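Undergrad: Note that the protein sequences, when read in sequence, are chains A and B. Quick note: the first sequence uses the numbering used here, first residue 1, plus one each step. Quick note: the second sequence uses the numbering used here, first residue 1, plus one each step.
Keep in mind the hints are simulated off the structure, nothing from the lab. No experiment lies behind these values; they were computed from the predicted model shown. Some hints could be false.
With a straight-line cut-off of 20 angstroms between C-alpha atoms, the simulated DMTMM-like cross-links for lysine to aspartate or glutamate are [unchecked claim]:
#1 A:77 to B:384
#2 A:142 to A:211
#3 A:169 to A:124
#4 A:77 to A:124
#5 B:77 to B:158
#6 A:77 to B:158
Computed, partial: chain B to chain A, Cβ under 8 angstroms [claimed, not checked]:
#7 100
#8 102
#9 103
#10 106
#11 179
#12 194
#13 368
#14 376
#15 382
#16 386
#17 390
#18 393
#19 400
Quick reminder that beta carbons are idealized off the backbone N, C-alpha and C, glycines included.
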Amino acid sequence: MSILETRGVTKRFGGLSAVDNVTIQVPEGSIYAIIGPNGAGKTTLYNCITGFYPSDEGEMLFQGESLVGLSPDRITKKGISRTYQNIRLFPAMTALENILVGAHPQLKSNWFDAILHTPRQRAEEKKALEDAQDLLNFVGLKGKGDLFASGLPYGEQRRLEMARALANKPKIILLDEPTAGMNPNESVTMMRFIESLRDELGITILLIEHDMKVVMGISEFIYVLDFGQLIAKGTPGEIQKNSQVIESYLGRGAA
Amino acid sequence: MKENIKQGTRSGMIFGIVLIFIILFGLTTTLSDIIGDFLGFNSNSRTGNTGGLMLLFAVIALWAGSRAASFDKFNLKSTLISGASVGLVMGIFVGVFTLLVGTLDAANIEMRDYLVQLNRQSIQFLLYGRSLWTGTLISFGILLVFAILGGLLAYFLEEWKAGDKIQKRYILIKGKVLDSDLAQRYQNNPRSRWISYGILLVIVFLIPQFLGKYWNYAMGTVGIYVLMGLGLNIVVGLAGLLDLGYVAFFAIGAYTAGLLTAPAPLPLQIGFWPVLIFSIIMAAFAGILLGIPVLRMRGDYLAIVTLGFGEIIRVLIRSDMLAPYVGGPQGIRDIAGPSLFGILFNEKAYLYLIICAILLIILFTNYLQNSRVGRAWMAMREDETVAQAMGINTLYYKLMAFATGAAFAGLGGALFAARNQYTGPADHTLMVSINVLSLLIVGGMGSIPGVIVGAFVLKGLPEILRELDLYRLLVFGGLLVLMMIIRPEGIWPAPRRMMELHDKVDGVPPEDSLVGEEG
């Protein structure tokens, strides 16, 4: 059964259909990829799924439940995390605080607990801090918890953003170009890391990626978008031979 | 050499213009009086305290001159040239100005219509009660001589510091003390923090014992501003919601306390303590009510809408329409003051009450800051869109921040009304909102000690410089501009804010070193 599904999702900006009648199905425990040229509507599709844009038509289903009309925070609480193409950490908060914000839906303490510093709140806070520390170690940022996010090098910021997304204990994580701006070595490390998320934590992964080596290396199934439309889908082997995909990437003469 | 003159001229022009500005605002008279009184100079009833004026000019010239010493390489010649050019230009500016107004005055041309502070008496004062040229030359001479002296002073001070053995010994001793067994044990002891807090607490509680009636009263006002500052700090500093109508919640707190305890216009006369709690709840409730329609807006729009809300509340409590219920322009009199066992609090007891309230609020703020709620607020301030993607219900948390800030202001308002046993529309003007926001900016946004320092600077200093009261707004504006230029993060900022404003500068070598490499 697919954990995440879109049925004919359409999003228009003025006369332009940024996402046009897109249907995808992501099975639980898989690594799926969405590729396509710049401006193909990949990130817009993410924004529709996570509730930032209301879709004009169609519906999104998460574990069989519709996500239509839910606000982004409600959708996140259901167990969908995401990262951003251009890293969007909370710059003036420390690495640990960033992760703790990510853990927000997991925590229960409310205003009264906080202001009165109740034993319940203290216990929860202690546990949350330990978990955040574990996550920090998991993404390889041990000992950097007290540094401000904006002070970390680029690669570490990417991993911190992942840790923050993981703190929500998601069932599926939507990655937006996780290896952007990385050199080949770093990309390989990131690939292994993404695989470990699925293998060790059992998290389903959907990723947008431009680096073909990464896409072909780790994804089990690929959807190809162009001008908002789904133009192809298949295993990496099939996509590599698909003439329509080659055309959309390289132009008409190439196919 | 050329550089010295150029720099000196520029600095002299700035100081000259500032001096003229000060004279035009009539600040010279007040400052001279303060200085003169302090030193016990005889004040001439006809012209005012001219000795004070001379001293004022001398002090400013000393300052300008000593600044000039740091323009260039540090040697005696360049210091002299810089100091002299600063003094010369400053002297010419003030001299020409004095000559001009003196001549115009002598020709019986009335300047008061345009420049309020320039009347015959103040011009006579500027000339030290002497003739036109003598007066001008005295000013010119003082400015020139003291600017040069200032330069020399700075020069010799620097020389002295460079070769100073006392300073070196001080550093040595300081190092020894810090390394000593006791200091180490103190630093390594987790309880030492609590001991420091304890000592601080004892000092804070001893302070009212040593202050007179007037100062206890004045510090009470500062304390109320600390309370409001702590509240607005949550709204603006933590959650990043710019609220310019914060006075509204202060007014609601004050009026709730007033209406429920005073005999008129509503004959309720409930006691102070239960009403205090009720005022806080009412203010928080108002915060939520205002928040629901308004908090969908972001940034500037929110600032404007809250500004409007603040004014609406003020106009409402002032209006004739509501006068039968809230007292109208006259406000509410005979509000119940805080009392225990039938004894009404005096200024000292009241100050203790305020201190307790502040400590409690600091504790609460501290707990909130380091909790799930505080982190959600900070995340919203940093990036609202992403905060929502983290599962934070932004509207709910904004309302919470608004209500919390409003509750603190309501507490401040109730305490304020109870102390004065009166409250009226004049207590709740836009200036209150601006004051509170300014004290946050001056003290350091998002920082609890910053709020306290800011309140002392903006509400405490004017009490000390009571005679400068007329110029409070002028000083205020100047201070804010100055702060933004030299220390935009505030006097005692939160570490994260300091980082925000300064991290871009880090890692870039100063221009000089780049030039040096080329040469």
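Undergrad: So, against the hints stated earlier in the document, which numbers end up violated here?
TA: The structure conflicts with hints 2, 6, 7, 8, 9, 10, 11, 12, although it agrees with all the remaining ones.
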